[in-house]
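Peer 1: Start counting the sequence shown at 6; every next residue gets the next number (the working numbering).
Source of the hints: derived by calculation from the structure; they are not laboratory data.
Beta carbons are placed, not taken as given, at the ideal position from N, Cα and C, and that holds for glycine.
Check the hints yourself; a few may be wrong.
As the list claims (entries may be wrong) - Computed beta-carbon distance windows for the label pairs:
{"hint": "1", "residue 1": "E46", "residue 2": "M23", "range": "27 to 37 Å"}
{"hint": "2", "residue 1": "L25", "residue 2": "E46", "range": "31 to 41 Å"}
{"hint": "3", "residue 1": "R44", "residue 2": "F11", "range": "14 to 24 Å"}
{"hint": "4", "residue 1": "E19", "residue 2": "T45", "range": "27 to 37 Å"}
{"hint": "5", "residue 1": "A18", "residue 2": "E46", "range": "33 to 43 Å"}
{"hint": "6", "residue 1": "P16", "residue 2": "R41", "range": "32 to 42 Å"}
{"hint": "7", "residue 1": "R41", "residue 2": "A10", "range": "14 to 24 Å"}
Said to hold, decoys possible - Below, a list of computed lysine to any residue pairs in the SDA-like style, where the Cα atoms sit at most 25 Å apart:
{"hint": "8", "residue 1": "K17", "residue 2": "R30"}
{"hint": "9", "residue 1": "K17", "residue 2": "N40"}
{"hint": "10", "residue 1": "K17", "residue 2": "H33"}
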Amino acid sequence: MADIAFFFHWPKAELEAMDLAELLRWQHLAVDCWNRTNRTE
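Make a model of the complete structure from these sequences and hints.
Peer 2: Here it is in structure tokens:
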């Protein structure tokens with residue numbers, strides 16, 4: 006959850022309200038966005 010909170014600037018209470026599937030979906034989106042932003046070519 007810390008990676009999602011860091012990337013999207015969400016408070017812990019908001020993350021705790023999500024179920025596991027939703028957390029994993031947001032984590033996947035955060036990783037994809039991070040990788041696109043920090044791509045080295």
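Peer 1: Could you run down the list of hints and mark each one as holding or not?
Peer 2: Verification of the supplied hints:
1. E46 with M23: 27 to 37 Å: holds (34 Å)
2. L25 with E46: 31 to 41 Å: Once the Cβ atoms are compared, 35 Å apart, the range 31 to 41 Å for E46 and L25 holds.
3. R44 with F11: 14 to 24 Å: Once the Cβ atoms are compared, 19 Å apart, the range 14 to 24 Å for F11 and R44 holds.
4. E19 with T45: 27 to 37 Å: Given range 27 to 37 Å: holds, Cβ gap about 32 Å.
5. A18 with E46: 33 to 43 Å: holds (39 Å)
6. P16 with R41: 32 to 42 Å: violated (25 Å)
7. R41 with A10: 14 to 24 Å: holds (20 Å)
8. K17 with R30: holds (17 Å)
9. K17 with N40: holds (24 Å)
10. K17 with H33: holds (18 Å)
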